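Undergrad: Just so you know, the protein sequences line up as chains L and V, in that order. For the first sequence, the residue numbers in the numbering used here are 1481 to 1675. For the second sequence, the residue numbers in the numbering used here are 1481 to 1675.
No wet-lab data here; the hints were simulated from the structure. As the structure is a computational prediction, the values presented were derived from the model and not from experiment. Hints may be right or wrong, so weigh each one.
Since the list gives no way to pick out one identical chain from another, each pair is judged satisfied if it fits inside one copy or across any two copies.
As the list claims (entries may be wrong) - The list that follows gives simulated cross-link-like pairs (lysine-lysine, DSS-like), each with its CA atoms no further than 27 Å apart: (1) 1573 <-> 1507; (2) 1651 <-> 1670; (3) 1547 <-> 1572; (4) 1572 <-> 1513; (5) 1483 <-> 1670; (6) 1670 <-> 1572; (7) 1540 <-> 1507; (8) 1617 <-> 1573; (9) 1573 <-> 1670; (10) 1651 <-> 1578; (11) 1513 <-> 1578; (12) 1617 <-> 1483; (13) 1670 <-> 1540; (14) 1573 <-> 1511; (15) 1670 <-> 1507; (16) 1513 <-> 1483; (17) 1540 <-> 1511; (18) 1617 <-> 1540; (19) 1578 <-> 1483; (20) 1547 <-> 1617; (21) 1511 <-> 1651; (22) 1578 <-> 1511; (23) 1540 <-> 1578; (24) 1511 <-> 1670.
Protein chains: 2
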Amino acid sequence: MQKPTNNNFPILEVFHQRWSPRAYSEKPVEKEKLQSIFEAARWAPSARNEQPWRFIAGQKGDGTWEKIFESLVEWNQQWTIRAPVLVLNMGKKFYDYKHLDNDTYQYDTGQAVAMMVTEAVNQGLIGHQMSGFDPAKAIEHFEIPEDYQPISVTAIGYYGNPDELPFDMQKSELEDRERRPLDETVFSGKFGEAW
Amino acid sequence: MQKPTNNNFPILEVFHQRWSPRAYSEKPVEKEKLQSIFEAARWAPSARNEQPWRFIAGQKGDGTWEKIFESLVEWNQQWTIRAPVLVLNMGKKFYDYKHLDNDTYQYDTGQAVAMMVTEAVNQGLIGHQMSGFDPAKAIEHFEIPEDYQPISVTAIGYYGNPDELPFDMQKSELEDRERRPLDETVFSGKFGEAW
C-alpha cells in the first residue's frame, strides 16, 4: 500500500512516497539495505560535525530486537510485533570538546534519523518512528552510558497487510494524511505573518 | 564546487551530493524553489503528527533577512553576508493537546530541516545550518511567543566562489569531509559493541 503526500509544490520522489505505516511484513531485511540506511544517517550534518547520533540495531530473534521491543509501550508493541528490524536512536548530550552541553544533540539526531527513514524508502522499505518507549528500560538493557540519551525507536521492514492490524490502527493506516498549510508554518516580517 | 560523500554503501544521490558549503553566490533564489524546500519540510514525520517546526524566511533586502543576519555570531556573518536566503528554524515546546511538554520538538524540527536542506540539493541549491546565533535577539526581532524556541538558522542559495571566503574558511571549504566509521555508531547486544 502506498499513501503519497498530497504536496502543493514538487518535492523529491522519496519524500513524496515516505510515510509512517504500521502494517509490517515479517520478511527479514537484507543486511546490505540496512547498511545503506545507516550510511545515509552517517552523512547527516551536525553542529561542529559532532555526529551526536548512536544506534542500537536489532533484527528479530537476535536478542537485541527483543530488548528494544520490551522497552516499547504496549500500543507500539501491538504493531511492531511483526517488524523485522527495530533501531534504538540515541543522542550524545555533550560535545567531545570540554564536555560542554551540546544544545542541538536532539535536533541533529533527528536529522540523522530523517535521512535513515528516507534512505529506507529508497531501498523499497518502510520506517516508522516512535517516542512511545521507556528510555530507562533501554538504558538498563543496553548499559547505555549517562552521556547518551535514548530518544526514539524506528521500526524498519517491508510493507505487509493492513488487515492484520488491530481495528483502530487499520483506520489510521487508511485515513488521509494531514499537514498544516505552509502559510501557518512559514513566516516573514514577524512570527505568525505568512511568508 | 562539489564535495560528495565518501560513502562505503550506496545512498540516495541527493545524500551523496549534500554538504554544508560557505561559499554562496549572491544570485537570488527563485520563489518556486523555496516553496518546494518548505513543502519537503512540511511532510516530515513528527510525534503525534504535531509538526512542531515553524520557519521565518528572509530574502536579502526584505528586512527579515537583515534581522536574522543580525542575530548571527560574527563568524557566521562573515560568510552568510553573500547568502541570498536565511531561514530561522523554530520548534514549539508543547503539544497542542493539554499544553504537555513535547519531548521530541527539537528532534522533529531537526527532521524537517534535514528534509529542507536535502530538497535544496534537489533544487540545485546549497544549504548550511548554524547554531551560532543569539536566540534572544531572534525572539525580540520577530516577537516570537514563549511557546516557541529558535533552534538554528539555515543559509540557502547557489554555490559561489570559495576564493571570496576569508582564508581560514577557504581551508575548511576545501578539506576532506570526515565521519566516524559505522562500527563506532551502530551497535548490537549492548552500547559500544559493533553491529
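Undergrad: For each hint, tell me whether it holds in the structure or not.
TA: Now the hints, each set against the structure:
1. For a Cα distance limit of 27 Å, the shortest separation of residue 1573 from residue 1507 qualifies neither inside one copy, at 35 Å, nor across copies, at 38 Å.
2. Taking identical chains as interchangeable, the C-alpha atoms of residue 1651 and residue 1670 are never at most 27 Å apart, the minima being 39 Å within one chain and 37 Å between chains.
3. Proximity of residue 1547 and residue 1572 under a CA criterion of 27 Å is satisfied intra-copy only: 21 Å inside one chain copy versus 32 Å between copies.
4. Only within a single protomer do residue 1572 and residue 1513 lie at most 27 Å apart by alpha-carbon distance; the minimum there is 26 Å, versus 34 Å between protomers.
5. For the homomeric pair residue 1483 and residue 1670, neither the shortest alpha-carbon distance inside one copy (35 Å) nor that between copies (36 Å) is at most 27 Å.
6. In this homomeric assembly, residue 1670 and residue 1572 come within 27 Å of each other (Cα to Cα) only across copies, at 16 Å, whereas the closest approach inside a single copy is 34 Å.
7. Proximity of residue 1540 to residue 1507 under the C-alpha cut-off of 27 Å is restricted to the intra-copy arrangement: shortest distance 10 Å within a copy versus 51 Å between copies.
8. In this homomeric assembly, residue 1617 and residue 1573 come within 27 Å of each other (Cα to Cα) both inside a single copy, at 19 Å, and across copies, at 25 Å.
9. For a Cα distance limit of 27 Å, the shortest separation of residue 1573 from residue 1670 across copies, 19 Å, qualifies, whereas the shortest one inside one copy, 32 Å, does not.
10. For the identical chains of this complex, residue 1651 and residue 1578 are inter-copy neighbours only, at 24 Å across copies versus 50 Å inside a copy, given an alpha-carbon limit of 27 Å.
11. Taking the shortest alpha-carbon separations for residue 1513 and residue 1578, neither the intra-copy value of 37 Å nor the inter-copy value of 40 Å comes in at or below 27 Å.
12. For the identical chains of this complex, residue 1617 and residue 1483 are neighbours neither inside a copy (34 Å) nor across copies (41 Å), given an alpha-carbon limit of 27 Å.
13. Taking the shortest Cα distances, residue 1670 and residue 1540 sit within 27 Å of each other only across copies (16 Å), while inside one copy they are farther apart (49 Å).
14. For the identical chains of this complex, residue 1573 and residue 1511 are neighbours neither inside a copy (29 Å) nor across copies (37 Å), given an alpha-carbon limit of 27 Å.
15. With identical chains, the CA atoms of residue 1670 and residue 1507 are at most 27 Å apart between copies only, with a shortest distance of 25 Å across copies and 50 Å within one.
16. For the identical chains of this complex, residue 1513 and residue 1483 are neighbours both inside a copy (22 Å) and across copies (24 Å), given an alpha-carbon limit of 27 Å.
17. For the homomeric pair residue 1540 and residue 1511, the shortest alpha-carbon distance inside one copy (13 Å) is at most 27 Å, but the shortest distance between copies (47 Å) is not.
18. Taking the closest pair of Cα atoms, residue 1617 and residue 1540 come within 27 Å of each other only inside a single copy of the chain (18 Å); across copies the shortest separation is 49 Å, beyond that limit.
19. Taking the shortest Cα distances, residue 1578 and residue 1483 never come within 27 Å of each other, neither inside one copy (46 Å) nor across copies (30 Å).
20. Proximity of residue 1547 and residue 1617 under a CA criterion of 27 Å is satisfied intra-copy only: 9 Å inside one chain copy versus 45 Å between copies.
21. Within a single copy, residue 1511 and residue 1651 get their C-alpha atoms no closer than 32 Å, and across copies no closer than 38 Å, so neither meets the 27 Å cut-off.
22. For the homomeric pair residue 1578 and residue 1511, neither the shortest alpha-carbon distance inside one copy (37 Å) nor that between copies (42 Å) is at most 27 Å.
23. In this homomeric assembly, residue 1540 and residue 1578 never come within 27 Å of each other (Cα to Cα): the closest approach is 39 Å inside a single copy and 37 Å across copies.
24. For the identical chains of this complex, residue 1511 and residue 1670 are inter-copy neighbours only, at 19 Å across copies versus 48 Å inside a copy, given an alpha-carbon limit of 27 Å.
Hint check: violations occur at hints 1, 2, 5, 11, 12, 14, 19, 21, 22, 23; the rest are consistent with the structure.
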